[in-house]
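Protein sequences, first through last, are from chains A and B. So that you can map any letter, position 96 of the first sequence is 450 in our numbering, and since no number is skipped, the others follow by simple counting. So that you can map any letter, position 17 of the second sequence is 242 in our numbering, and since no number is skipped, the others follow by simple counting.
A couple of the hints might just be wrong.
DEER-style ranges, computed between Cβ atoms [stated by the list, open to error]:
id, chain 1, residue 1, chain 2, residue 2, range
1, A, D371, B, P286, 12 to 22 Å
2, B, A323, A, A464, 35 to 45 Å
3, B, D287, A, R411, 19 to 29 Å
Simulated crosslink set (DSSO-like; lysine-lysine; CA at most 27 Å straight-line) [unchecked claim]:
id, chain 1, residue 1, chain 2, residue 2
4, A, K451, B, K242
5, A, K425, B, K242
6, B, K263, A, K396
7, A, K451, B, K269
8, B, K277, A, K422
9, A, K410, A, K422
10, A, K422, A, K396
11, A, K425, A, K410
12, A, K410, B, K242
Everything labelled a hint here was simulated from the structure, so no lab data went into it. All C-beta atoms in this analysis are idealised placements derived from N, C-alpha and C, irrespective of residue type, glycine included.
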Amino acid sequence: GESVGLHLPTLSVQEGDNSIINCAYSNSASDYFIWYKQESGKGPQFIIDIRSNMDKRQGQRVTVLLNKTVKHLSLQIAATQPGDSAVYFCAGQNDYKLSFGAGTTVTVRA
Amino acid sequence: DAMVIQNPRYQVTQFGKPVTLSCSQTLNHNVMYWYQQKSSQAPKLLFHYYDKDFNNEADTPDNFQSRRPNTSFCFLDIRSPGLGDAAMYLCATSRDLAREGVQYFGPGTRLTVL
Chain A
355 GESVGLHLPT LSVQEGDNSI INCAYSNSAS DYFIWYKQES GKGPQFIIDI
405 RSNMDKRQGQ RVTVLLNKTV KHLSLQIAAT QPGDSAVYFC AGQNDYKLSF
455 GAGTTVTVRA
Chain B
226 DAMVIQNPRY QVTQFGKPVT LSCSQTLNHN VMYWYQQKSS QAPKLLFHYY
276 DKDFNNEADT PDNFQSRRPN TSFCFLDIRS PGLGDAAMYL CATSRDLARE
326 GVQYFGPGTR LTVL
């Protein structure tokens, strides 16, 4: 089965700086990946996704990079804001099933 | 706005007393999922409905059941809650069971077992 993990459980970042959250996966058959943001007491919120035939995708202030060679993806948040404080999960998808990583808690310092 | 709604947001029950959690969606999605999320952990899939077809994950305890009376509503029944069932329960939906189908989550119901 899929194993998805994040490199660091916590990340502290200065407001205005860029954040980089990393994720490694084990199953090379996974061909679709999603990043979710979960604020305290709320459900996971879709941020951005990427298909395996892509190596980069950009959204509003966020960029996801996929390196299939080393089975690694990352989420970059530009100009991090206090509202970005949350737990971030990467998830790999096989058919319908999402395999979530453990989550990285991002704390934004004022 | 189209959304996934969960009620109640907080539920307290007693050990062994049956409890039902509710989920509704206005997205008209075919698939509805139930996840269990314990503190500081990732969500864990319990089961899902594709239309009226129920699919249980292999490691979901028999204590957990689900009903989907129509497209919009799905219920999670915990027949005899134990202390270990205290968790956040998340409902999610997706349009289909496609390999690249985004799942949209509700706000969750936090269950406390006394």
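Going down the list of hints, with the structure as the test:
1. A:D371 x B:P286: 12 to 22 Å: violated, 44 Å
2. B:A323 x A:A464: 35 to 45 Å: Holds, since B:A323 and A:A464 (Cβ atoms, about 42 Å apart) stay within the stated range.
3. B:D287 x A:R411: 19 to 29 Å: violated, 41 Å
4. A:K451 x B:K242: Not OK: A:K451 and B:K242 at ~31 Å, beyond 27 Å, violated.
5. A:K425 x B:K242: Outside the cut-off at roughly 45 Å; violated.
6. B:K263 x A:K396: holds, 13 Å
7. A:K451 x B:K269: holds, 10 Å
8. B:K277 x A:K422: violated, 37 Å
9. A:K410 x A:K422: Answer holds: A:K410 to A:K422 is near 11 Å, not above 27 Å.
10. A:K422 x A:K396: violated, 31 Å
11. A:K425 x A:K410: Since the Cα atoms of A:K425 and A:K410 sit roughly 14 Å apart, the hinted pair holds (cutoff 27 Å).
12. A:K410 x B:K242: violated, 49 Å
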